[in-house]
Amino acid sequence: MSDDLLPLLAVGLGETVYMVILTTVSSLFLGLPLGVALVVTEPGHIMAAPRLNKVLGTMVNITRSFPTIILIVVLLPLSRLLVGTTLGATAAVVPLSIGSAPFLARIIENSLKEIDRGKIEAGLAVGATPMEIIRKVMIPECLASLTLGITMAVIMITGFTATAGAIGAGGLGSLAVRFGYQRYRTDVMLATLVVLVVLVQSIQWGGNLIARRINKNRHKFS
Amino acid sequence: MISITGLNKTFLTPSGRVNALKDINLTVDKGDIFGIIGFSGAGKSTLIRCLNRLEEPDSGTIRIGAREITRLGTRELRAARKKIGMIFQHYYLLESRTVFGNVAFPLEIAGYPKQRIGHRAVEILELVGLIDKIGAYPAQLSGGQKQRVGIARALANEPDVLLSDEATSSLDPSTSRSILDLLRDINQKLGLTIVMITHEMDVLRYLCANAAVIEAGEIIETGSVAEISAHPRHEITRLFFAPSRQNSSGEAQGMLPDPAERGERKEVSDVR
Ligand SMILES: Nc1ncnc2c1ncn2[C@@H]1O[C@H](COP(=O)(O)OP(=O)(O)OP(=O)(O)O)[C@@H](O)[C@H]1O
Ligand SMILES: [Mg+2]
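The listed protein sequences correspond, in order, to chains V and E.
Its first residue numbered 9, the first sequence is counted upward by one per residue in my numbering.
Its first residue numbered -7, the second sequence is counted upward by one per residue in my numbering.
Honestly, the hints are just simulated from the structure, not real lab data.
Be careful, since some hints might not be right.
[What the hints assert, rightly or not] Cβ-Cβ distance ranges computed for the label pairs, FRET-style:
# : chain 1 : residue 1 : chain 2 : residue 2 : range
1 : E       : Q107      : V       : V19       : 33 to 41 Å
2 : V       : V81       : E       : G110      : 21 to 29 Å
3 : V       : R88       : E       : A128      : 53 to 61 Å
4 : E       : G33       : V       : K121      : 51 to 59 Å
5 : V       : R72       : E       : R176      : 54 to 62 Å
6 : E       : G33       : V       : Q212      : 42 to 50 Å
[Unchecked claim] Under 8 Å between C-beta atoms, here's a sample of chain V residues computed to sit facing chain E:
#  : residue
7  : G96
8  : G126
9  : V203
10 : V205
The structure displayed is predicted, hence computed values, not measured ones.
Built from N, CA and C at the ideal position, the CB exists for glycine as well.
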């Protein structure tokens, strides 16, 4: 173990956390409306629009079939346009968000589909608008499941940032590649892995905790 | 108060067309408790769901009060629904909200200011006898209590009509009775018109003055409950009345069939 290990790890972790948070927030920004739209535009749902639904579904599937690394490379020009550079953590957030949003949308779609149709009808029966049903019925009723789904997405995003790290985004991924692999620093490689495992575990633990809090009053046995 | 003329509804299913409602004509007077009875699959739910257009009719007109429900645009329909309460067999309460929150829900939708929501929710929970559970979540309530919340939610925004689809079918006889008593009480206190669906003759006799019998999507009989039960004109109607008739007759108020009778009815409907 050498003196530079801890500072290296601290910087790497900081960059990773920065990328994960920013990517999560901005992919939620895209993915939440998209996920909701995938549900409510289904035939027979509150804003039924079968053709739009097909278009959105296809768009999501196409984006999802791009391997992460290719998506990042393809979208780097967009990063240059939006943040002025293709290097570093901030630049990586643009392709990472666009790559994660469709995943997040599918996860959110799955959660929102769990709701009992009767609850939506109870909302319609009191004269609620589609927006009110989304905000006051669908999202609150599915909140625990949404939390667990988003937790899963955050962990996936953590993995994405490591991939992005390999091509110059910084963070723990780039640490593992630049020091662990290219300079044969086994200590850096192992330490990076340990930090990543701990990070992912804490995210999962935090997500579970929040979901349990939400469920506390809603189910008899939890 | 409510008039339905020439109402038709067909469902397209993979296995063909289902004529769920065929040329339904019906009038319900203001302040009445009107029962609609029929066997499973007769079209009862479809009919009551057409009244607030949770189900979109194919043809026919529905009037409730001054409004022609079947002609309303989206926005007007939402406004009309705010004055049509509905209760469901499976309650459909919002599990993310407390009892208070559930009763507040229609008031939020109706745009009540916060303070009035509080007053109104308390008032209505007192009416349904659930004020001590105001902070409880639905998961912490019994079936009967949940249905009281359902009723409170339906009544919160002072509707002119209450639609009830098998509101007591999931409840045990004594709880069921207390809910029926509550509905009668509300009918008398608020002068509310109630349309209630049931497949239980005793519910009909206990609560309703007038009724219609529906079978295979058609109204086969309508009139006062006394009249229908004294002179049933159709075989189906007789089947409904038969088991309770075999009991000493005046016992209609004894409420709800015993298991043996239920079995008998089931056989009847299966044979059909
Ligand atoms: N959404 C639907 N799609 C296709 N068919 C339907 C739909 N809803 C109802 N039906 C059919 O319409 C008929 C009437 O159904 P409905 O639910 O109104 O019966 P019901 O009298 O309420 O029965 P139950 O007492 O079992 O609730 C049935 O044959 C049913 O299969
Ligand atoms: Mg039904």
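Verification of the supplied hints:
1. E/Q107 <-> V/V19: 33 to 41 Å: About 53 Å separates the Cβ atoms of E/Q107 and V/V19, which means 33 to 41 Å is violated.
2. V/V81 <-> E/G110: 21 to 29 Å: The hint (21 to 29 Å, Cβ to Cβ) is violated, given that V/V81 and E/G110 are roughly 57 Å apart.
3. V/R88 <-> E/A128: 53 to 61 Å: Between V/R88 and E/A128, where Cβ atoms are some 56 Å apart, the hint holds.
4. E/G33 <-> V/K121: 51 to 59 Å: violated (27 Å)
5. V/R72 <-> E/R176: 54 to 62 Å: The hint (54 to 62 Å, Cβ to Cβ) holds, given that V/R72 and E/R176 are roughly 57 Å apart.
6. E/G33 <-> V/Q212: 42 to 50 Å: Given range 42 to 50 Å: holds, Cβ gap about 47 Å.
7. G96: violated (41 Å)
8. G126: holds (4 Å)
9. V203: With a closest approach of 36 Å, the V/V203 hint is violated.
10. V205: Status violated, d = 34 Å.
Hints 1, 2, 4, 7, 9, 10 from the list above are not met by this structure, while the remaining hints are.
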